[in-house]
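Residue numbers (our numbering), protein chains in the order written: chain U, 1 to 376; chain E, 1001 to 1302; chain Y, 2001 to 2543.
The hints are simulated quantities; they were obtained by calculation from the structure and are not laboratory data. Because the structure is a prediction, the values reported are computed rather than measured. Hints are not guaranteed to be accurate.
Claimed, not checked - So the derived list for chain E, only partly shown, Cβ under 10 Å to chain Y, looks like this:
1. 1047
2. 1118
3. 1151
4. 1157
5. 1161
6. 1164
7. 1167
8. 1171
A virtual CB, placed ideally from N, CA and C, is assigned to each residue, including glycine.
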Amino acid sequence: MSSTDADYSGWQTALRRRFRRGREFADEAGPSALATVLLGTGSLLAAFVGFLLVSSLTVVPVAVFVVTAAYGYGRHQELTVRALTLATTASTILILTLITVFIFVEAWPTVEYASVEVFGVSVPGLRLFVQTNWDAVSPPIRYSMVPMIHGTVMVTVVATLVAGPLGVAAALFLSEIAPPLVREVVKPGVEILAGIPSIVYGFVGFTVLSPWASDQFELLGQGTYLFVGVVVGLMALPTVVSVAEDALNSVPESMKSGSLALGTTDWQTMTSITLPAAFSGVSAAVLLGVGRAIGETMAATVMLKGVPKLTKPLYNAFYGQETLTSLIARNYGEADGLQMSALFVAGVILFITVLLISVGSQYVEARMRSKLGGEA
Amino acid sequence: MSETTQSTTERSTDQPLQTTNGETAEEARSEWVDYQFDGQAKLAVESLDVHYGDDHALKDVSIEIPEESVTALIGPSGCGKSTFLRSLNRMNDRIESARIDGSVALEGEEIYQDGVDLVELRKRVGMVFQAPNPFPKSIRDNVAYGPRKHGDIETGALAKLLGRSDEEQERELVEQSLRQAALWDEVVDRLDDNALGLSGGQQQRLCIARALATDPEVLLMDEPASALDPIATSKIEELIHDLAEEYTVVIVTHNMQQAARISDQTAVFLTGGELVEYDDTDEIFEDPESQRVEDYVSGKFG
Amino acid sequence: MAGATRSALVDEDTTHTDAVAAVAAGLATLLFAVGVVALFDVVSLTDPIAGVPVVTLVGGLLVLLGGAVVSFGVGSRLGFVATDPRPTAGLIAATAFGLIWFVVGGLVASQTFGLGTVGWTAAALVTGGGAFLLTALPREDVGSTLPAGAVTLLAGLVFLGGVIGPSWAWNLGWAQPASFTAGFVVPTLTLFCALLSGWASAKAYGGFGASGRHAGAYLLVYLNALAIVGVLFALVAFTVVEGLPGLLREFTVGLGAGPESTIALFGSELTFTWPFDWPFVMNGVGLLNDVNGVLPAIVGTIWLVVGAVLFAVPLGVGAAVFLTEYAERGRFTQAVEVATNGLWSTPSIVFGLFGYAFLIPRFGGGKSLLSGMLTLGFMLLPLVVITSREAMLAVPDQYRDASVALGVTKWQTIRSVVLPAALPGVVTGVILGVGRIAGETAPILLTMAGGVFVPGSQTADVVGGFEFTASPPFVANPELLQATSALPYQLYALITAGVGASGNVGNPDQFKWATALVLLVVVLSFYAVGIVTRYYFRSKLHE
């Protein structure tokens, strides 16, 4: 309770300070500058609202804004630049907000449709997660996210098993073991490979790996979570390698020398000193790779069967049905109404999961920075 | 890691250098090359040259270091004394641009030859760095790190499981090493705390304890007291003095009083990476042969 | 430790030991190579080499390798070879071997002897526990070689004895059927045993102890690095080899060989003839074309990139300027940081969904080039912010202070000092980001799309498309508001169009691979340019 009070009063003082600063600013800047900034802000807001409302008159405030900005740059340069850069910063946050709002709003109809009564209370969206049947054609029309979540988990687990250990080992190689010449060649090579478009991976997987797997394991049809996972893991590998390498490089040389000077082998120094010291950075790298794997779309879309069902048995990774991402990519064309909204539900799940992972890895990295900073 | 190992002597040809009072470096050197000491030479360095890229950091250094004594290396910043120190346990190999020519023998065995086991060398020639660099582990783990990694002490989960744990032995070793480093009384109650929580002077003494725990024959110290307050410095000086009974200590310092207080013999490096004079510490500070050394130790330059 | 014996710096008496261990390591390498080749059906398992079937040959080699590893360990224990082992191989090795032998025991009991669940679990526990103890209890030389060598020996005997022959298959009996066949199991098992024994012999080569572990670990780490580079290189090489024939079809060089182009500038028209004819990148798809190509998709990709850069770079750089130069560090900058990082890791398909819901209704209700540009711009924005910020933070404060001390305003300082110094970093970041969005399929899938085989007439002409209208918004560009194609989308459409839809492109497979190659070249050249720029600026900085 007391902490909230403190927060509250802190807020108040901050607010008062803002006000005071605002008044000082208004006194200092003069009416002309103030008018320019106000007009610019107003027209920009109007343009945004106009765009949101799909008005063809949006062009008017846009024109006003351009003229104001040009005038302001000529007359009150410092202030205008400050206001303009603030506007660009705000737009970054605005885009994230808009994404959140729009996909949630679009997803809502299906969430509402899938409400289930539990003890007399209607829980929206519960049916999406408690039953496993996806049928968008014949009544009763049922949407379920369970098969796709299962698919995404399968692919992500396999991809992490591929990209995690191999990526960390490769990062160790690049940062600690490789001779300088090899590092000079391999490092940019790995970075370039991070750029291979996922659809190219998917194409090779579709034409080479899928038929091969189907043949080797005597499967019915093509498309396996196992090999989609392997391909996605390969795709995430360069990301994991380069981020983990950076983390390993940030371990102070004095610490490594300290260990080597005691007569330990390079490998002992790596496993006992370097890796533990860089642990949070390395795990952030793996987390980043996991995020990449969850959001990967195209390879999964072209390699999977595209039938939203659970595999039988559940751990049967030799069959690949559908993931959250491939569901969207495959069905956006013929979907409308509730089904389209169901695709947005898949988008929301992806968005939230990856956002959580991103925030988590940032937290881990911040902790690492403060820890290593304290040592140096 | 591949090293350029060249044990043949390769004298640099840019001699003789004119010194301040007109005598050549060659003449100055003739005074101390014959420096005789009682007992065995632990380390024998001959014609050591170190280059960092195009930078000639150490020029044709020859010196013999007696065992169970303290040898101080003094000189102004950038004179190559740290480079020299790092050549004695091949830590310069970590620097990619470094090229080392010449010979260093540990008890008569060349350390710059093919097939030298660097791990074995560094077990025998320990090192304490200028800035304290404890590992981000507990105090106990820091001290026991070397012996554990060398396999002298087994304390893993498996060793416990099999009832072969050397915990008792480790406890004794940790106590002994910390006592030697005059740190035991200060940390006896918090051996399991993170070493990074110690003060700078304590950290440095921990690093010394860590080096002693591996029982080296030679201990190289690179300005171990440079970042410390006077009290911590005097503790470390006492410690170095005591260590000379068992170990061969080579210490780099830019503090001449310190060198005079703790060392048995002193080598003076001057700018450009050359060794100008090497003699008993008393001789160096009271009656140096070289005018440049006299100017340096009396504070006229450097 | 006090009292420990001093060993000489150079270990001289190891040549024989090294030779034995090196032979084992060589054998392991050979088997590893055989395994890789066999896995991808380059060598058939039934084909005989010198009259012996490959399976039998591999089995024999495995027995040899396993025998070598085991005898080395035993030899070391009995003191025939000089090594420096620890009292135990360690908990990690013991757990790993325990698990391996748990699986081996379980499989043999259930598959070969047909025991039930209780039976095979008991057998697996016995073998697994046995292997754990065998690794943990004896000295390291025995503990790390015996279990590894035994697995290899067993695998070799199974192949030799024909228990797993070329036609062997094990149906897992799942509702969705799947089987392990010899074609997969034999190479995989060979690879696994080669790795295991290779590790054990590398340890032996290092004389066990700390340096033995070092050697064993380095073998695996080097192999891993080699494999990653190999796989990724193979991927690129494969695409190039498959794509080149289609890409270079009827490619001719010579004066006047190519089509005519007209450039209209300031009222004067300049007509010239290309000095080469490259139909795949100069044509669309048309009935009358000899060779059909992907020109509309290339042009579409270029316009997408241009549009995204025009949108994201001013916004991103502006935000970075505000965050580094104007804003005080606090909650607000932190929130922006979290938001940009979150935006950067948001899956591309979510951007697609957003574009579909937000942009399409606002640009005439249909998929359009403009929606695609903006969607990719949203994706590019966070990267521009992040890299520009990093570049600006790297500009030393002295520069700013020096400029401000001269009485220059803040914005002039930023414009004349900070931005030029940060430019290399910003440019590099933008190029790398462009490489990434140029290859993205998912966002444009929902916002721009296009066709499978796009006729040349659909090549977007954005510059020529601008026109003035009488009603608001007064300026219109129908080219921006209609769907066109882009390389990644076209490749996706070609893949999903199936076998039947061949259009009139003759050899559809060749067409697909050539499209993939063009995409790869376009994207990777962005990356290559970005990375080279960075190395260039970095090396200039260090001079």
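Discussion item. The hint names residue 1047(E) as touching chain Y; please verify it with the least Cβ-Cβ distance against 10 Å.
Written reply: Given a least distance of 20 Å, the restraint on residue 1047(E) is violated.
Discussion item. Take the shortest C-beta to C-beta distance between residue 1151(E) and chain Y; is it under 10 Å?
Written reply: With a minimum Cβ separation of about 5 Å from chain Y (threshold 10 Å), the hint on residue 1151(E) holds.
Worksheet item: Minimum Cβ distance from residue 1161(E) to chain Y below 10 Å?
Response: Cβ of residue 1161(E) sits 8 Å from chain Y, so the hint holds.
Worksheet item: Given residue 1157(E) as an interface hint, is the shortest Cβ-Cβ distance to chain Y below 10 Å?
Response: Holds - the Cβ of residue 1157(E) comes within 10 Å of chain Y, reaching about 5 Å at its closest.
Worksheet item: With 10 Å as the cut and Cβ atoms as the points, is residue 1167(E) at the interface with chain Y?
Response: Since the shortest Cβ distance to chain Y is 15 Å, the answer is violated.
Worksheet item: With 10 Å as the cut and Cβ atoms as the points, is residue 1171(E) at the interface with chain Y?
Response: violated (14 Å)
Discussion item. Please check whether residue 1118(E) passes as an interface residue: C-beta within 10 Å of a C-beta belonging to chain Y.
Written reply: holds (9 Å)
Worksheet item: Given residue 1164(E) as an interface hint, is the shortest Cβ-Cβ distance to chain Y below 10 Å?
Response: holds (7 Å)
Comparing the model with each earlier hint shows violations of hints 1, 7, 8; every other hint is respected.
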